[in-house]
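**Q** Single-letter residue listing:
2 protein chains.
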Amino acid sequence: MRMHNPPHPGQVIKQLCLEPLGVSVTQAAQALGISRKTLSAILNGRARISPEMAVRLSIAFGTSAESWLNQQTQYDLWHAEQRRKQLQVTKLAV
Amino acid sequence: MRMHNPPHPGQVIKQLCLEPLGVSVTQAAQALGISRKTLSAILNGRARISPEMAVRLSIAFGTSAESWLNQQTQYDLWHAEQRRKQLQVTKLAV
DNA sequence: GCGATCTGTAACGTGATAGGTTACAGTGAG
DNA sequence: CTCACTGTAACCTATCACGTTACAGATCGC
Chain A
14 MRMHNPPHPG
24 QVIKQLCLEP
34 LGVSVTQAAQ
44 ALGISRKTLS
54 AILNGRARIS
64 PEMAVRLSIA
74 FGTSAESWLN
84 QQTQYDLWHA
94 EQRRKQLQVT
104 KLAV
Chain B
14 MRMHNPPHPG
24 QVIKQLCLEP
34 LGVSVTQAAQ
44 ALGISRKTLS
54 AILNGRARIS
64 PEMAVRLSIA
74 FGTSAESWLN
84 QQTQYDLWHA
94 EQRRKQLQVT
104 KLAV
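As they're listed, the protein sequences go chains A and B. To convert, count from 1 in the first sequence and add 13; that's my numbering. To convert, count from 1 in the second sequence and add 13; that's my numbering.
Think of the hints as simulated: they come from the structure by calculation, not from any bench. Keep in mind that a hint or two might mislead.
Any copy will do: because identical chains look the same in the list, a pair fits if it lies in one copy or spans two.
[To be verified] Result set (BS3-like, lysine-lysine): computed pairs, CA atoms no more than 30 Å apart in a straight line:
hint	residue 1	residue 2
1	K27	K50
2	K50	K104
3	K98	K27
These numbers come from a predicted model, not from an experiment.
Just need the whole structure built from these sequences, with the hints factored in.
**A** Below you can see the structure in the form of structure tokens.
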């Protein structure tokens, strides 16, 4: 179980993609082919990165779609682990 | 871009978890605390493994939640990549 | 001050997904 | 035949990923 709350990938996108290029949210949304609202939600952690969005990011920013998706997975998993004890599951194997 | 269509994680669950333990779909669904229908859908590739489901699997079968989720990510990503050319995205960086 | 631009976000809608229950038909063991 | 297991269809609900439109606040040039 991971110890630290991983940052949502939106933060990372902002810092690693938008800011270095001096690109505004509006411009980036247009380039990605999505609405400004959708990108804003991602950047501010109110939306997850879908597989399709990961591919869009990889095209626009020349990065690996897999890395964005893995970051999202780590983020989701951490939050799911926080609710682990509330799940009614019977252990079947060691 | 990955070359081969990765198997859906349901196949792997069946082969690596249910069959070695001689556990039926019905029994496994009860242990996981989900409906038989939901498990059947996962095993037959008609449903994805959610973060919560990954945690359930990790409890019941003593496996890593992360590995199930990563498998799902690879599967989703492969299918998203297949539609890469249909996305209207402008390249912003090299 | 004034207009232009950027930003977050609320209010709506759509289509897809994850989950549930119930019910039915097919298979295989005994 | 009977019983357990299985897939799956029909139906419901809640949530999510998108979209458009519209508004309010910040910031900038002039």
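**Q** Within a copy, between copies, both or neither: where do K50 and K104 come within 30 Å Cα-Cα?
**A** Between copies only: 20 Å across, 43 Å inside.
**Q** Give the relationship of K98 and K27 under a CA distance limit of 30 Å: within one copy only, between copies only, both, or neither.
**A** Intra 34 Å, inter 25 Å, cutoff 30 Å: inter-copy only.
**Q** Between K27 and K50, at a C-alpha cutoff of 30 Å, which is it: within one copy, between copies, both, or neither?
**A** within (15 Å within a copy, 41 Å between copies)
Every hint from the earlier list agrees with this structure, and none is contradicted.
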